[in-house]
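Peer 1: To convert, count from 1 in the sequence shown and add 18; that's our numbering.
A portion of the hints provided could be inaccurate.
Label pairs and their in silico Cβ distance ranges [what the hints assert, rightly or not]:
(1) Thr438 to Glu177: 32 to 42 Å
(2) Pro55 to Val362: 41 to 51 Å
(3) Gly193 to Leu126: 13 to 23 Å
(4) Leu432 to Leu126: 15 to 25 Å
(5) Glu177 to Thr426: 18 to 28 Å
(6) Ala538 to Thr98: 44 to 54 Å
(7) Glu325 to Leu432: 55 to 65 Å
It should be emphasised that the hints constitute simulated quantities derived from the structure, not laboratory data.
Positions of the beta carbon are idealized from the N, C-alpha and C atoms, including for glycine.
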Amino acid sequence: MIPSVLAAPAPGWTTETDVVVIGSGIAGLVTALRCRPRGRVLLVTKALLDAGSTRWAQGGIAAALAPDDTPEEHLADTLTAGVGICAEDAVRALVTEGPEAVRGLIDLGAAFDRSGSGDIELTREGGHHRRRIAHAGGDATGAEISRALLAALKDSGVEVIEHALVLDLLKDASGRAAGITLHVMGEGQPGGVGAVRARAVVLATGGLGQVFSATTNPEVSTGDGVALALRAGAAVTDLEFVQFHPTVLWLGADAAGQQPLISEAVRGEGAHLVDHAGERFMTGRHELAELAPRDVVAKGIINRMHETGASHMYLDGRHLGAATWEHRFPTILAACRHHGIDPVTEPIPIVPAAHHASGGVRTDLFGRTSVPGLYACGEVACTGVHGANRLASNSLLEGLVFAARIATAIEDDLADPPGTDLPADERKAGGLLDPGLRGEIQRIMTSHVGVLRGAEGLATAVRELSELSEPSAPRREQAPGVAAWEVTNLHTVASAIAAAARLREETRGSHWREDFPDRADGTWRGHLVTRLDGNALTTTYERQEGSRA
19 MIPSVLAAPA PGWTTETDVV VIGSGIAGLV TALRCRPRGR VLLVTKALLD
69 AGSTRWAQGG IAAALAPDDT PEEHLADTLT AGVGICAEDA VRALVTEGPE
119 AVRGLIDLGA AFDRSGSGDI ELTREGGHHR RRIAHAGGDA TGAEISRALL
169 AALKDSGVEV IEHALVLDLL KDASGRAAGI TLHVMGEGQP GGVGAVRARA
219 VVLATGGLGQ VFSATTNPEV STGDGVALAL RAGAAVTDLE FVQFHPTVLW
269 LGADAAGQQP LISEAVRGEG AHLVDHAGER FMTGRHELAE LAPRDVVAKG
319 IINRMHETGA SHMYLDGRHL GAATWEHRFP TILAACRHHG IDPVTEPIPI
369 VPAAHHASGG VRTDLFGRTS VPGLYACGEV ACTGVHGANR LASNSLLEGL
419 VFAARIATAI EDDLADPPGT DLPADERKAG GLLDPGLRGE IQRIMTSHVG
469 VLRGAEGLAT AVRELSELSE PSAPRREQAP GVAAWEVTNL HTVASAIAAA
519 ARLREETRGS HWREDFPDRA DGTWRGHLVT RLDGNALTTT YERQEGSRA
């Protein structure tokens, strides 16, 4: 049983704005800044403004900025990585508008690393045939982009509420998005559960990696936006395609929570993947070896682990030298040394971990969801850009490009007269799960819906997740609160991922079925679309029919 509304106290306060943006990563910040000239904007974020996934981004942002590169080549690499189910019109928008969008970031004050001649330094990452990854601070690109955007936000007139967990979507009498309910935590003001009335709502809530035991995502990435969208009646799609980053620092078999990422750019600069005998194992598995698309590399690592019985593999960058590590990867170097590993003198133990959701709330080319007035941008959205496997460093670019597109579309919304008063919400609030079940949800997902999947494990995951939410389950009907809301959102999203993964009987991109090891274009070159029908999730298949504008 999936709740159609989160159980929560009635709003104790109400505020009004034109646009409410939920999330403070690159997608949320750019959307808020671009919408501000069109009207009042309120930005709501779950923790502090800079606590989202953007600041953790190490590698960089991909765009055809080099003289010998073109948007068409970037398009080709993105489509290849997406394994046949990208929306080509969305990818074309990304790669053609991307270079100018990055230059706009520079104009805003983002300082990318430059060569001695003053040109932007570019590197390669997996799946790219050109050096087109712009980076900052060596391996602190996300932190620099976040800094520049937050500086611009200070003088923009955008209102901000921090420490606020979004709960549910408000709709007007016609079914159009008309605001949100939210809970402000701790020192946030105003306090408690409240309501924001708005003419347009933008979800930019980031990822869902916390449904797994080990992830590169921060603690706030509990899938709140996808869960809200499902409860609001919006379509979500491609949820089975959860990308596992190939090189995450291995901290032991029992490591859980957010894990240190070892950027793909380390391999882009020449580091090699090796097994415990020091043998390179990606050579011969793909023409790009260690720089193959992420799904290929993650599978190569897992296969080698199975072949050798090892718990992890290694990334060997000793030959890069101390100067390269200190100049190009200072953040990664410090993180490794903090955990007792020195990449200058020894290989780094690595293992794949949950990293990025290629699927999410389904949108058109301007971020519109299937609910009028509700938009989605960034990792919470499925624009069609990523297909079955995100190309490295396209995520920051996606947030940047589609945020600008949303601002264009919202201008039309703000020109329309406001909707009629909100009707009484007839949806019944469902029971909340015990916060203590968070670890059990993560165990189920990690054991059965991880990198390698199979029919038996997926059936077990679907069954066990369902049992957790049965009305007779012993740990339901919890009192409303942040921990209970979060774990209920995690359960909703985990259930949707597991159901979709069980249905897709093929291997494609980051969805790897050991019982269906081949790609099946004749049957599965399309999308699984999930909706909440009453209190049950329904997932249907839609065959790929060209563009999805």
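Peer 1: Give me the numbers of the hints this structure contradicts, sorted from smallest to largest.
Peer 2: The structure breaks hints 1, 3 and 6; every other hint is satisfied.
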